[in-house]
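There are 2 protein chains.
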Amino acid sequence: MCGTDSPDAAGPVSNGSHASKANPASSPYQNVNDFISNVARFKIIESTLREGEQFANAFFDTETKIKIAKALPVSSPQSYEDCKTICGLGLKAKILTHVRCNMEDAKKAVECGVDGVDLVIGTSSFLQKYSHGKSIAIIKETALEVIQYVKSQGVEVRFSSEDSFRSDLVDLLTLYKAVDQAGVNRVGVADTVGGATPRMVYDLIRTLRGVVSCDIETHFHDDTGCAVANAHSALEAGATHIDTSVLGIGERNGITPLGALMARMVVTAPDYVINKYNLKALKEVEELVASAVQINIPFNNPITGFCAFTHKAGIHAKAILANPSTYEIIDPAIFGLTRYISINSRITGWNAIRARCEQLGLKMTDDEVKEVTAKIKQMADIRPLAIDDTDSILHSYHIELQKKQALQV
Amino acid sequence: MCGTDSPDAAGPVSNGSHASKANPASSPYQNVNDFISNVARFKIIESTLREGEQFANAFFDTETKIKIAKALPVSSPQSYEDCKTICGLGLKAKILTHVRCNMEDAKKAVECGVDGVDLVIGTSSFLQKYSHGKSIAIIKETALEVIQYVKSQGVEVRFSSEDSFRSDLVDLLTLYKAVDQAGVNRVGVADTVGGATPRMVYDLIRTLRGVVSCDIETHFHDDTGCAVANAHSALEAGATHIDTSVLGIGERNGITPLGALMARMVVTAPDYVINKYNLKALKEVEELVASAVQINIPFNNPITGFCAFTHKAGIHAKAILANPSTYEIIDPAIFGLTRYISINSRITGWNAIRARCEQLGLKMTDDEVKEVTAKIKQMADIRPLAIDDTDSILHSYHIELQKKQALQV
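These protein sequence lines are chains A and B, in that order.
Under the numbering used here, residues 9 to 417 are what the first sequence spells out, in order.
Under the numbering used here, residues 9 to 417 are what the second sequence spells out, in order.
Be careful, since some hints might not be right.
Straight-line alpha carbon distances no greater than 25 Å define the calculated BS3-like cross-link-like pairs of lysine-lysine that follow [unchecked claim]:
#1 A:Lys378 with B:Lys412
#2 A:Lys137 with B:Lys378
#3 B:Lys148 with B:Lys185
#4 B:Lys116 with A:Lys383
#5 B:Lys51 with A:Lys115
#6 A:Lys142 with A:Lys115
#7 B:Lys102 with B:Lys142
#8 B:Lys115 with A:Lys383
#9 A:Lys378 with B:Lys185
#10 B:Lys159 with B:Lys185
#11 A:Lys378 with B:Lys116
#12 B:Lys115 with A:Lys116
#13 B:Lys378 with A:Lys115
#14 B:Lys378 with A:Lys142
#15 A:Lys137 with A:Lys102
#16 B:Lys137 with B:Lys102
#17 B:Lys378 with B:Lys411
#18 B:Lys102 with B:Lys51
#19 A:Lys378 with B:Lys291
#20 A:Lys288 with A:Lys51
#21 A:Lys51 with A:Lys102
#22 A:Lys116 with B:Lys137
#23 B:Lys411 with B:Lys75
#24 B:Lys411 with B:Lys371
These are calculated hints, taken from the structure and not from any lab test.
Kindly generate the complete structure, drawing on both the sequences and the hints.
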């Protein structure tokens, strides 16, 4: 099972004028320099082909994996072969593999030719009792042996606890300190069951930041809907890396979704995100993965949900027409997308209708626009209107107006 | 446009032993009494028929509104009539209406016979400039007049700013203090553009908690994926009410979803949530609303997403079989749902296969189970397996075993 670490994948620079206005540097909440926060220098661990294969519907054949990987060892013979194939692609990303913390798994991983090995072991009392049955002392001893072996092979190594937020704090800090001193490149903190809150995350990562000198990777499941916010909170506290998968696919309802995290971070740190990532590629990779695992992109998906940039209420549409930033925190153009102002509903307003009349080239006075808006709202009370229904009403009202004017002349 | 305030809607008590184990009272992060936090005494403002109608696909006829409202006043003539109808239903919830902060709208709302009027006005520089064009001084003067009128009619009144997190902090606090002193029942804080983070929310609500004595309602859009976490953070800081809609439907990609918030809060405050809400009704109301607005329930929806309680990785399934809490923060039974352990994939493990053999009544030794597990992983490497494919492999392997044994005897 593999992931790609793409710290250096630079994308084309996009127009950031809109998002830049949201720069929190100008907010009353963050107006001092925060030397610990990594919100403007984070890295992504793309885990679609590792965590993502734990998603109920996922079955990635080699071709699909390579397709996704041109973007990512050993849970089956084919996974092992796939990993070797992907390592041979010469991608611009580091290839990492995720294995249980024992010598046998570590050796197989190194044989694949990966750039790095992620060692993982459960540290919660639940996992100690019901999964591997090992004490913290044994975990520490094994981890140090395996780390020494992987380092001796010239391969990067990360050590991660599983279910970190239900583990004993002193056990966790003891383990992390030991593996940091043993020279791991990175330690990982995982909310394996998706129960952590942003404040818990901030507190634990901030404490850990004072204990280890290596990088800190974080992994958040979304069972309680906090996976994006928890990732943001971890970066504020000093974490360096965030695990994501495309659309968040993973075990149960998944992990921090790449797209939603990009939405969050482009608001928090617009310059960093826009200069580093090719945000216009998001929609396509989401569609590729959605198709591969036979799911629909959720209606409420940030950025690419079908209505993410649709403005409907009249009071909103009026202001959006005057200045999009009024009701948008993100400019859809950054992601290569466009906004849509819905006018065919009973909660539309006359400003939106006036804008539509201008688009259609229908000249009317404000009073006339208000009159036809009332007609549209009345119609929309009876049944849902399609955009061309609304246009038909506007055209026929305009013809009536012209007839009246002809009679008056 | 209506909402229901359902502080007193009690549901049947469900088995909470599993979720209770996750009580943060036993966590090192929250082991002192927090007298400000309202995580265990929050109230929900159900806004599906107000915010929800701003969702792109939403068109609720009166019948549908009543259906949902047996769960929830004037943006069109029919909305006005619907509001009067709903007020006449005698529901166990308070009926509130959401209007612009001016005398005309407030009078229409009061005429509907609602229990409460929510006054809303934009306070960000964007909204002051591009929406209503009013200064903070004028907003304050108008608000106080309207509040006095609504109170004189014996109706509850709430005052809310719009786009609170892009408003001037001193302007906000000045306004909230004035309306609190004028006797509003509740002030509202709204992240109208969905750009706030949990720490910004905590800081603003905590500051506001020291300025006003009335209840504090909060409203979070989900443009950057933080609407659930922001709601939780607001409660920790002393907010009393959270706006939700079923599946989060609302303007753009919506607001805090009712179901995801229930998932979050049942982990944070299991006893309060299980005793107060009928959690087993969640799936049905989500299906009703999804059908009314013609959307699919997102694959990654907390609780009711199709794979929210599906366990796939072998290492997970083994531990889940020994004790479900190992990889679950929420017991699906609390929501009237069941878990599913997927065994038909190449990342399955022999413990899950052994459990399936036991369900099927197929007696095998551990070594035999390990051998057939290897066969299943090999098959699953070639093509996706259905559950009955796996069962077929198990049955035929078992028949082979019996033949061999017969020959040996």
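Against the structure, the hints come out as follows:
For the proposed pair Lys378 (chain A) and Lys412 (chain B), the alpha carbon gap of about 86 Å is over 25 Å, so the pair is violated. Of the pairs offered as hints, the one joining Lys137 (chain A) and Lys378 (chain B) holds, with about 22 Å between alpha carbons and a cut-off of 25 Å not exceeded. About 10 Å separates the Cα atoms of Lys148 (chain B) and Lys185 (chain B), which keeps this hinted pair within 25 Å; it holds. Distance hint between Lys116 (chain B) and Lys383 (chain A) is fulfilled; the C-alpha atoms sit about 20 Å from each other, no more than 25 Å.
A threshold of 25 Å between alpha carbons decides the hint, and for Lys51 (chain B) with Lys115 (chain A) the separation of about 54 Å lies outside it, so the pair is violated. Distance check on the hinted pair: Lys142 (chain A) and Lys115 (chain A) sit about 21 Å apart at the alpha-carbon level, within 25 Å; holds. Distance restraint check for Lys102 (chain B) and Lys142 (chain B): the Cα-Cα separation of roughly 31 Å exceeds the 25 Å cut-off, and the hinted pair is therefore not satisfied. In summary, the hint linking Lys115 (chain B) to Lys383 (chain A) is supported, as the alpha carbons are separated by about 23 Å, within the 25 Å threshold.
For the hint linking Lys378 (chain A) to Lys185 (chain B), the alpha-carbon distance of about 37 Å lies beyond 25 Å, and the restraint is violated. Between the alpha carbons of Lys159 (chain B) and Lys185 (chain B) the distance comes to roughly 17 Å, so the proposed pair stays at or under 25 Å and holds. Annotation: proposed proximity of Lys378 (chain A) to Lys116 (chain B) holds, straight-line Cα distance about 20 Å (limit 25 Å). For the hint linking Lys115 (chain B) to Lys116 (chain A), the alpha-carbon distance of about 74 Å lies beyond 25 Å, and the restraint is violated.
For the hint linking Lys378 (chain B) to Lys115 (chain A), the alpha-carbon distance of about 22 Å falls within 25 Å, and the restraint holds. Restraint check: the Cα-Cα separation between Lys378 (chain B) and Lys142 (chain A) comes to about 22 Å, which is no more than 25 Å; the hinted pair holds. Between the alpha carbons of Lys137 (chain A) and Lys102 (chain A) the distance comes to roughly 34 Å, so the proposed pair goes past 25 Å and is violated. With a C-alpha separation of about 34 Å, the suggested pairing of Lys137 (chain B) with Lys102 (chain B) is violated against the 25 Å cut-off.
The hinted pair formed by Lys378 (chain B) and Lys411 (chain B) meets the criterion: a straight-line CA distance of about 19 Å does not exceed 25 Å. About 12 Å separates the Cα atoms of Lys102 (chain B) and Lys51 (chain B), which keeps this hinted pair within 25 Å; it holds. Pair hint Lys378 (chain A) plus Lys291 (chain B) does not hold up; C-alpha atoms about 42 Å apart against a cutoff of 25 Å. With a C-alpha separation of about 18 Å, the suggested pairing of Lys288 (chain A) with Lys51 (chain A) holds against the 25 Å cut-off.
With a C-alpha separation of about 12 Å, the suggested pairing of Lys51 (chain A) with Lys102 (chain A) holds against the 25 Å cut-off. Of the supplied pair hints, the one linking Lys116 (chain A) and Lys137 (chain B) is violated, its CA atoms being roughly 63 Å apart against a limit of 25 Å. Annotation: proposed proximity of Lys411 (chain B) to Lys75 (chain B) is violated, straight-line Cα distance about 60 Å (limit 25 Å). Proximity of Lys411 (chain B) to Lys371 (chain B) is assessed by CA-CA distance (about 14 Å); at most 25 Å being required, the pair is judged to hold.
Checked against the numbered hints listed earlier, the structure breaks hints 1, 5, 7, 9, 12, 15, 16, 19, 22, 23; every other hint is satisfied.
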